Amino acid sequence: MKAKWIIGIDEAGRGPLAGPVAVGVVKIPKGFDWKLVVGVGDSKKVSEENREAIFHRAKELRHHRQLDFAVAQVGSSVIDEKGIVFAINT
Numbered sequence: 134m135k136a137k138w139i140i141g142i143d144e145a146g147r148g149p150l151a152g153p154v155a156v157g158v159v160k161i162p163k164g165f166d167w168k169l170v171v172g173v174g175d176s177k178k179v180s181e182e183n184r185e186a187i188f189h190r191a192k193e194l195r196h197h198r199q200l201d202f203a204v205a206q207v208g209s210s211v212i213d214e215k216g217i218v219f220a221i222n223t
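So the mapping is simple: the working numbering equals the position in the sequence shown, first residue as 1, plus 133.
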């Protein structure tokens, strides 16, 4: 079976003492033209302004069905009650 999609997932916030934890996933077609989203890279090295521009562009591309993504966030109260593993898997 040939892959048609590339799917990436990442989490942020697992290390802080107080939540929340966020999980993001993106689905792009194999052979995706990265020139459609200028500036994608390590988010720690991208300015807040550029991150906002990339997010806006990703929403446009999702509207045109050229990629898909989702972001979920779980607050500290759930992490305290159920644990970090539960929060990430939710």
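Just so you know, these hints were derived from the structure itself, not from any lab. None of these values were measured; they are calculated from a predicted model. Errors might be hidden in some of the hints.
[What the hints assert, rightly or not] Simulated crosslink set (DMTMM-like; lysine to aspartate or glutamate; CA at most 20 Å straight-line):
hint, residue 1, residue 2
1, Lys160, Asp201
2, Lys168, Asp213
3, Lys178, Glu144
4, Lys177, Asp143
5, Lys137, Asp166
6, Lys163, Glu185
7, Lys177, Glu144
8, Lys192, Asp175
9, Lys168, Glu182
10, Lys168, Glu193
11, Lys160, Glu144
12, Lys135, Asp166
13, Lys192, Asp166
14, Lys192, Asp143
15, Lys215, Asp166
16, Lys163, Glu214
17, Lys192, Glu181
18, Lys215, Asp201
19, Lys178, Asp201
20, Lys160, Glu185
21, Lys168, Glu185
22, Lys160, Asp143
23, Lys137, Glu182
24, Lys163, Asp143
25, Lys160, Glu182
26, Lys137, Asp201
A quick look at each hint next to the structure:
{"no.": "1", "hint": "Lys160 <-> Asp201", "in the structure": "holds (5 Å)"}
{"no.": "2", "hint": "Lys168 <-> Asp213", "in the structure": "violated (42 Å)"}
{"no.": "3", "hint": "Lys178 <-> Glu144", "in the structure": "holds (17 Å)"}
{"no.": "4", "hint": "Lys177 <-> Asp143", "in the structure": "holds (13 Å)"}
{"no.": "5", "hint": "Lys137 <-> Asp166", "in the structure": "holds (14 Å)"}
{"no.": "6", "hint": "Lys163 <-> Glu185", "in the structure": "violated (25 Å)"}
{"no.": "7", "hint": "Lys177 <-> Glu144", "in the structure": "holds (13 Å)"}
{"no.": "8", "hint": "Lys192 <-> Asp175", "in the structure": "holds (19 Å)"}
{"no.": "9", "hint": "Lys168 <-> Glu182", "in the structure": "holds (18 Å)"}
{"no.": "10", "hint": "Lys168 <-> Glu193", "in the structure": "holds (14 Å)"}
{"no.": "11", "hint": "Lys160 <-> Glu144", "in the structure": "holds (15 Å)"}
{"no.": "12", "hint": "Lys135 <-> Asp166", "in the structure": "holds (19 Å)"}
{"no.": "13", "hint": "Lys192 <-> Asp166", "in the structure": "holds (16 Å)"}
{"no.": "14", "hint": "Lys192 <-> Asp143", "in the structure": "holds (18 Å)"}
{"no.": "15", "hint": "Lys215 <-> Asp166", "in the structure": "violated (40 Å)"}
{"no.": "16", "hint": "Lys163 <-> Glu214", "in the structure": "violated (40 Å)"}
{"no.": "17", "hint": "Lys192 <-> Glu181", "in the structure": "holds (17 Å)"}
{"no.": "18", "hint": "Lys215 <-> Asp201", "in the structure": "violated (29 Å)"}
{"no.": "19", "hint": "Lys178 <-> Asp201", "in the structure": "violated (23 Å)"}
{"no.": "20", "hint": "Lys160 <-> Glu185", "in the structure": "holds (19 Å)"}
{"no.": "21", "hint": "Lys168 <-> Glu185", "in the structure": "holds (17 Å)"}
{"no.": "22", "hint": "Lys160 <-> Asp143", "in the structure": "holds (12 Å)"}
{"no.": "23", "hint": "Lys137 <-> Glu182", "in the structure": "violated (32 Å)"}
{"no.": "24", "hint": "Lys163 <-> Asp143", "in the structure": "holds (19 Å)"}
{"no.": "25", "hint": "Lys160 <-> Glu182", "in the structure": "violated (23 Å)"}
{"no.": "26", "hint": "Lys137 <-> Asp201", "in the structure": "holds (13 Å)"}
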